[in-house]
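Residue numbers (UniProt numbering), protein chains in the order written: chain A, 1 to 253; chain B, 1 to 253.
These are computed hints drawn from the structure, not numbers from a lab.
Incorrect hints may have been included.
Each pair may be met inside one copy or between any two copies, as identical chains are not told apart.
[To be verified] Using 30 angstroms as the maximum straight-line C-alpha spacing, the simulated BS3-like pairs for lysine-lysine come out as follows: (1) K23 <-> K176; (2) K145 <-> K173; (3) K23 <-> K46; (4) K23 <-> K192; (5) K46 <-> K173; (6) K23 <-> K48; (7) K23 <-> K103; (8) K57 <-> K192; (9) K192 <-> K103; (10) K103 <-> K173; (11) K145 <-> K176; (12) K250 <-> K173; (13) K23 <-> K239; (14) K250 <-> K103; (15) K250 <-> K176; (16) K48 <-> K145; (17) K250 <-> K23; (18) K239 <-> K103.
Number of protein chains: 2
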Amino acid sequence: MGILWIVSSGPGSTQQLTPAAMKAIASADVIIGNAFYLDMLEPLLKNKQVIRSAMGKEVDRAREAARMAADHNVAMVSGGDAGVYGMASIVLEMVEHEFPSQKVIVLPGVTAATAAASRLGSPLSGDYVTLSLSDLLTPWDVIEKRLGLAAQMGTPIALYNPKSRGRPLNLAKALKIVLTCRDPETPVGIVKNVFREGEETHITTLGELAENDEIVDMHSILIIGGEESRIWKEDEDVKGIITPRGYHRKYVY
Amino acid sequence: MGILWIVSSGPGSTQQLTPAAMKAIASADVIIGNAFYLDMLEPLLKNKQVIRSAMGKEVDRAREAARMAADHNVAMVSGGDAGVYGMASIVLEMVEHEFPSQKVIVLPGVTAATAAASRLGSPLSGDYVTLSLSDLLTPWDVIEKRLGLAAQMGTPIALYNPKSRGRPLNLAKALKIVLTCRDPETPVGIVKNVFREGEETHITTLGELAENDEIVDMHSILIIGGEESRIWKEDEDVKGIITPRGYHRKYVY
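Go ahead and model the full structure; you've got the sequences and the hints to work with.
Below is the structure:
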């Protein structure tokens with residue numbers, strides 16, 4: 001029996017891929033993943049059997065990986081952290097149902113929320129909520145309920161999958177919910193293609209974005225600030241978003 | 001003027017440190033950080049000026065880093081992801097107040113929540129909440145309010161700083177709040193010293209842990225499952241926690 005590694009490839013650039021993940025890819029005979037993420041790992045894939053799969057084919061991809069691991073070392077590559085909106089859960093479900101004795105090792109990675117946060121300053125800093133606006137696998141009423149509660153928490157919210165061609169209006173609906181209990185001046189950071197070609201960073205406010213969210217696309221991660229988040233400026237120049245950790249409540253500095 | 005890197009060193013092992021973080025450390029003349037995390041990076045610190053700081057000295061450490069960056073390349077090292085309960089926010093606050101033109105680059109890392117999740121299977125998978133039970137910088141009533149709302153969300157909750165010598169009872173109080181709206185059979189994973197010497201993984205349930213939480217210490221990360229999380233078993237052998245992503249609502253497999 002082979003090993004089945006579930007490898008988190010991070011936000012994109014191999015500069016953000018852990019040595020443990022690289023080693024697992026190097027040790028595998030078969031690499032399987034979404035073509036979008038595999039293309040970014042091209043230099044690591046030489047002399048490997050590479051199975052490029054498409055978005056929407058996650059169930060088939062998971063089964064294929066678990067099946068091949070019976071007699072190969074297999075690396076299932078998943079973008080960001082595989083345990084966050086990634087392939088870890090569906091691969092483990094397959095193993096649980098059909099290949100219960102398969103040896104599986106999950107390797108963590110830099111997840112999109114903290115990757116995006118690093119490009120914005122320090123907008124997360126403490127407690128925060130991670131939510132996806134995709135209603136492909138989670139019913140929309142569940143997402144709305146979670147958004148409402150998250151907004152009441154007063155913490156920053158990292159939004160994955162804020163928009164896509166098939167779901168162009170979810171973001172506008174979501175912002176409306178958050179605005180019911182958070183100030184329109186709350187900073188919002190948008191990072192497109194974080195650590196990938198075409199990276200872009202935008203800083204705006206909840207109120208402004210609710211009026212026009214054209215800037216957001218399916219490759220964007222949004223970070224909605226918490227009650228204490230502020231836009232970090234030098235004179236008129238916007239440098240990022242800071243959510244203080246709370247040292248100001250304890251120290252004078 | 002030098003560069004001030006805020007470097008995320010990941011959960012511990014250099015196997016989980018990104019190449020970008022390693023490069024920043026290699027390029028810096030001065031490395032500053034909590035001694036606990038610097039010790040794990042020992043091989044990378046040769047020929048550097050190293051400033052070892054202690055827990056509780058975050059404000060002084062941040063000021064020192066920002067001050068030294070005026071004429072050195074400085075790497076402020078922070079465990080996990082520096083933007084999550086780490087040094088990024090306080091360093092940026094210092095720069096904002098006292099050194100506004102300082103060039104700062106934040107580098108993300110593997111955060112403790114997803115590192116711990118990877119050792120447990122796939123307990124986070126989708127939406128989740130990240131909360132700290134330390135009331136050093138966040139008032140306890142705010143933490144309680146957030147816990148109550150997070151429990152209502154039905155998502156997994158990653159708990160940082162679940163316990164310490166100074167706060168031995170916060171976890172018990174927190175579990176009681178979560179139990180008001182989550183089943184006692186909800187799986188809970190505990191990972192101590194994730195990716196470090198002495199790593200330990202424990203899987204239990206909310207009800208059991210509420211009766212006896214002795215196993216949890218200050219080096220532990222807890223993951224409380226969501227409404228759909230289940231303990232993953234092969235026969236009687238507990239292998240981990242799976243929170244399904246939702247593919248079962250859309251596909252037959």
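What are the numbers of the hints that this structure violates, sorted from low to high? Of the numbered hints, 1, 5, 10, 16, 17 do not hold.
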